[in-house]
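S.K.: Knowing the structure of chain A, use the given hints to seat chain B on it.
Protein chains in written order, with this note's numbering: chain A, 61 to 348; chain B, 786 to 1029.
Source of the hints: derived by calculation from the structure; they are not laboratory data.
Owing to the predicted nature of the structure, the values given are computational and were not obtained by experimental measurement.
Idealized CB from N, CA, C, for every residue including glycine.
Hints are not guaranteed to be accurate.
[To be verified] So these bits of chain B aren't anywhere near chain A, every CB distance computed over 10 Å:
hint, residue
1, D799
2, G836
3, E911
4, E912
5, E1015
[Claimed, not checked] Derived coverage of chain A by chain B (criterion: at least 3 residues anywhere in the stretch with Cβ under 8 Å from a Cβ of chain B; other residues may be distant):
hint, region
6, 113–119
7, 213–219
8, 236–247
9, 340–347
[As the list claims (entries may be wrong)] What follows is a list of derived Cβ distance ranges for each label pair:
hint, chain 1, residue 1, chain 2, residue 2, range
10, A, A203, B, G959, 46 to 54 Å
11, B, L907, A, F211, 17 to 25 Å
12, B, F798, A, I308, 52 to 60 Å
13, A, M275, B, I928, 29 to 37 Å
14, A, M335, B, F787, 24 to 32 Å
15, A, T208, B, H921, 43 to 51 Å
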Amino acid sequence: MEYLIHLAILFSIYGILSLSLNLIVGYTGLPSVTHAAFYGIGAYAAAILLVSYGMNFFLALFAAIIISALVALLIGLILSKFDDDYYALASFGFNIIIFSIFLNWQGLTRGPLGIPGISKPVLFGLDFSSNLLFLILSLIFLAIIYFTARFIVNSSFGRVLKAIREDETALQVFGYNTLYYKLAIFVIGSAMAAVAGSLFASYITFIDPSSFWLMESIFILAIIILGGLSNLKGSLLGALFLILLPEILRFIGLPNELAAQMRQVIYGIILILLMLYRPQGLVGEYKL
Amino acid sequence: MFILQTKNLIKNFDGVKAVDGLSVDIEKGKITGVIGPNGSGKTTLINLISGMTRIDGGFVVLEGNLRLAKIKPYDIASYGITRTFQDVRLFNQMTVLDNILITLTERNVFGALFERHNQYHLSKAEETLEKVNLWHKRNELAINLSYGQRKLLEIARAISMKAEIILLDEPFAGLFPEIIKIVAEIIKKLKEEKKTVILIEHDMSLIRELCDYIIVVDSGKLLAEGKPEEVLEKREVIEAYLGD
Chain A
61 MEYLIHLAIL FSIYGILSLS LNLIVGYTGL PSVTHAAFYG IGAYAAAILL VSYGMNFFLA
121 LFAAIIISAL VALLIGLILS KFDDDYYALA SFGFNIIIFS IFLNWQGLTR GPLGIPGISK
181 PVLFGLDFSS NLLFLILSLI FLAIIYFTAR FIVNSSFGRV LKAIREDETA LQVFGYNTLY
241 YKLAIFVIGS AMAAVAGSLF ASYITFIDPS SFWLMESIFI LAIIILGGLS NLKGSLLGAL
301 FLILLPEILR FIGLPNELAA QMRQVIYGII LILLMLYRPQ GLVGEYKL
Chain B
786 MFILQTKNLI KNFDGVKAVD GLSVDIEKGK ITGVIGPNGS GKTTLINLIS GMTRIDGGFV
846 VLEGNLRLAK IKPYDIASYG ITRTFQDVRL FNQMTVLDNI LITLTERNVF GALFERHNQY
906 HLSKAEETLE KVNLWHKRNE LAINLSYGQR KLLEIARAIS MKAEIILLDE PFAGLFPEII
966 KIVAEIIKKL KEEKKTVILI EHDMSLIREL CDYIIVVDSG KLLAEGKPEE VLEKREVIEA
1026 YLGD
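Isolated chain A, as found in the complex (with noise of 0.2 Å):
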């Protein structure tokens, strides 16, 4: 039973990962490879709250999701100046960029030795130290910021973000100037993402670099990839499933071993036979 706790937490964290880099990816087609880096920042920032300042994890989510939105400002700045390719390339170059200052940033993120003891949420004298208590917290987050994505996704700005992805030349024309659309977007998923970042802090107690890298940030495009881009339910799909591969292979009978170095080979070959047959993903609207 703990398990299945451990494993929807987990689900609730990725859900919240995937539907916030949908609406960057998926809705506006700004192909973002450095959705961990803000994960990360939120991670970071909320431990470094929690545990150097003690303060309350909500007061910390809340400066994490600042802190978060602030660096995707300056950021979706920069990243604005380019387009599709080099767009994804300068994105690429921010995650590493944010991993080395994780990794590096000794006097303030303990570098590789990574930051232990990160305490529990605790709100009104209601402890969430149990896992339980711990999931009803994430699932309650993941249904914030999934109302919260339909919102925005069913307002004129949610159209606005479709026809920038699908040409925002033509759509300047209308009168949109789509560089506000762009940051705007990208700032709210970045905060999205710091969300993420938190719980994930909080949950495992415990956080170095490793868990930010870039391959973390593909891991995140996979899933809204395979769940379908442009289609909140397909990131929740794509999260869930992604999250029970490693069981399903253990379920098959692969050793754990095996199971684990199968999975990322089984990643690749769901992605390649997606692209082939149903580029749209599993649920998605959007074809790449």
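M.R.: Below, chain B alone, put in the same frame as chain A:
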């Protein structure tokens, strides 16, 4: 009365002068045809006016003596200008209805975030789609339309902007006769509504039928201008099209 003028407009592409000191006057409420051989600078002229291409020299003057040497594409709507493209540029993986709704809803980021399209937007969009016989396709993705329907949707999107100046870049290219008739009727209706249309077109019979005035460009320069029946008889114009 002129609604738009270009003054000594210049555009170079890698040293090649695509538009070379072009000065033209566009009369308000009229249809002005822009003709010339391929590569003569017609589309570049429209791109300069609509801010899609940066102006290297000269400027555009709008009604009220508003001089523009730098034009951003997202500003032209506020100047009352809209356009279509030579290669149809729709929002392909969006519905036909959404392609029109985007011209009707809030432009401001925060305003758009808290806006849902309402009955007013919907009825305006459907009204526009009825004008181009695409109402029955409103829930289909734009990518699934035929070429003719795609052209019509692009024109519908421009009409929906309620702009004063409409730049149409080869709206008849590649269309079947029955669609050509629909597009011609739409353009005539724009004239009845006192809109100013700048029309790039190669079909001289359509130019004669629709245009009040034509401008002939060749190698980025003004070759001739005047009423269609006069200009199309000029020797230099015939030579520019057919060669010596």
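S.K.: Give a verdict on every hint.
M.R.: A quick look at each hint next to the structure:
1. Non-interface call for D799(B) relative to chain A: holds, since the shortest CB-CB distance, roughly 20 Å, exceeds 10 Å.
2. Not every CB of chain A is more than 10 Å from the CB of G836(B) (nearest about 8 Å), against its label as outside the interface.
3. Consistency note on E911(B): stated as away from chain A, and its beta-carbon is indeed over 10 Å from all of that chain's, at 16 Å minimum.
4. For E912(B), the non-interface assignment is confirmed: its Cβ lies about 18 Å from the closest Cβ of chain A, beyond the 10 Å cut-off.
5. Once the 10 Å rule is applied to beta carbons, E1015(B) is consistent with being away from chain A; the minimum gap is 33 Å.
6. Counting residues of the region 113–119 of chain A whose C-beta lies closer than 8 Å to any C-beta of chain B gives 0; at least three are required, and the coverage claim is violated.
7. Coverage of the region 213–219 of chain A by chain B holds. Counting CB-CB distances below 8 Å, 5 residues qualify, and the rule asks for three or more.
8. Coverage of a stretch by a chain is defined here by at least three residues with a beta carbon nearer than 8 Å to that chain's beta carbons; for the region 236–247 of chain A and chain B the count is 6, and the condition holds.
9. Only residues whose C-beta sits within less than 8 Å of a C-beta in chain B count toward coverage, and the region 340–347 of chain A has 3 of them, enough to reach three; the restraint holds.
10. At about 50 Å, the CB distance of A203(A) to G959(B) agrees with the hint of 46 to 54 Å.
11. For L907(B) and F211(A), the Cβ-Cβ distance of about 20 Å falls inside the hinted range of 17 to 25 Å, so the restraint holds.
12. At about 56 Å, the beta-carbon gap between F798(B) and I308(A) stays in the expected band of 52 to 60 Å.
13. Separated by about 34 Å at the C-beta atoms, M275(A) and I928(B) satisfy the suggested range of 29 to 37 Å.
14. The given range of 24 to 32 Å is broken by M335(A) and F787(B), whose C-beta atoms sit roughly 54 Å from each other.
15. Distance hint check: the CB atoms of T208(A) and H921(B) are about 35 Å apart, inconsistent with the given range 43 to 51 Å.
Of the numbered hints listed earlier, those contradicted by the structure are 2, 6, 14, 15.
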